[in-house]
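Enquirer: The lines below spell out each chain.
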Amino acid sequence: MPTLLIPGVLRAEAGGAARLEVTAQGSLGAVLDEVRDRWPRLERRIRDESGTLRRYVNVYVDGEDCRRSGGLATAVPPAAEIQVIPSVAGG
Amino acid sequence: MTELLAIGTKKGLLLAISDDDRQSWKIGSAHFSGHSIYAVAIDTRGAAPRLFVGLESSHFGPSVAISDDLGETWQEPDKAPLAFPADTGAAVERVWQIVPAAGDVVYAGVQPSALFRSEDGGRTYELVRALWDHPHRPEWGAGFGGQAIHTILPHPDDPQRMLVAMSTGGVYRTSDGGASWAPSNEGIKAYFLPDPWPEFGQCVHKVARDGADPDRFYAQNHHGVYRSVDGGGTWQTIADTLPADFGFPIVAHPRRGGVVWNFPLVSDGQREPVDQHCRVFRSTDGGDTWQPQQAGLPTEPFHVCVLRDAMCADDAEPVGVYFGTRSGEVFASRDEGETWSTVVAHLSDVLCVRAATF
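Residue numbers (my numbering), protein chains in the order written: chain G, 681 to 771; chain S, 9 to 366.
Source of the hints: derived by calculation from the structure; they are not laboratory data. Some clues are possibly wrong.
[Said to hold, decoys possible] To give an idea of the chain G side of the interface with chain S (calculated C-beta under 7 Å), a few residues:
#  : residue
1  : 724
2  : 725
3  : 728
4  : 729
5  : 730
6  : 734
7  : 736
8  : 737
9  : 748
10 : 757
11 : 766
12 : 770
Ideal Cβ positions, reconstructed from N, Cα and C, are used throughout, including at glycine.
Please take these sequences and the hints and turn them into a complete structure.
Expert: Structure follows, in structure tokens:
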């Protein structure tokens, strides 16, 4: 099953978990749809209500930045590791 | 008597409590550290004060949290409390204003310019469609702070009537509970548009409702200070005796008619007090004349702006007036602006202040 790695700053939205296993496969969008259903407060910090990835949140699928590999259509293999990492921004 | 002063900053929310008639303040540690707090409301109608906070993470977006125990605990719903319906294709960027109204109704104004209405005390909200679908919306412009509804003034006695204001777009009113909206800017100049007297498009910074006459309003615009005595139908300038007609906040006395406070700035280019002189201006005649109030305020050159929601009044007797600066200081007066003292300094930019007595 794909695994989501959650940064410390977002773990409170995932019941404290650092890793989440999801059953959804196929695309990053499908994975995040499952996250929306199971951990809605986590998902809405990654995507806005129009489904767009928030500008300063980066998502890597097996180490590849999804913005360079199809965005939400990025393929998610069955054993994929998906990292959610806040980008270098803010102030 | 307890006084609560909520201070929203670019780096979190601070709650200051006074138990000695606003002479000294106990300031707790920051809530929502790292979040920008553009909107706070304090509803004192229930058994305990209810705090509504609009918070924004630069990474993780906006949200709204509620506390019924003065910030000991916060409730934030699982699903986004404020969210545009899918068919709009829009997303909430920032919550600029939260206003509890009659019963369990709560209004929220957001960026991009939209009004949301809650009927369950602020747990869930629905987009006010008639304003979102207004034919003027494609022509509403964006100011530097974004295109947002930042002022919501429900009528105190008539739930069908309400006034909202946005940057940039101007003032709009409804008299049918939000089913239809009409621009309400007659007499307000927009020097930055080809037609300086347009039906809409004005850059209003803040509107306040008079404490005694619900049909009387005061507006601080992007150049221009105005009064309406006919419910917002027409506006007349009240800037003649102010040192400048630019500024952001305007605050009305909660009970005494004609009493208004303002913090003028030189111009949109400079955005600092005239002569770098930190002064609040108060009118007691509805804006016909203004008098400076400065006792206790800094006397050294003061270069700092006060933002649109960073000034407020409480409802104690005499009224307390508060303002926060972009240099992270908060000043308070417990005698309607006659004398001032510093509540706290060295904060991040103060984005909003709200005070309540209970």
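Enquirer: Starting from the hint list further up, note which numbers the structure goes against and sort them upward.
Expert: 9, 10
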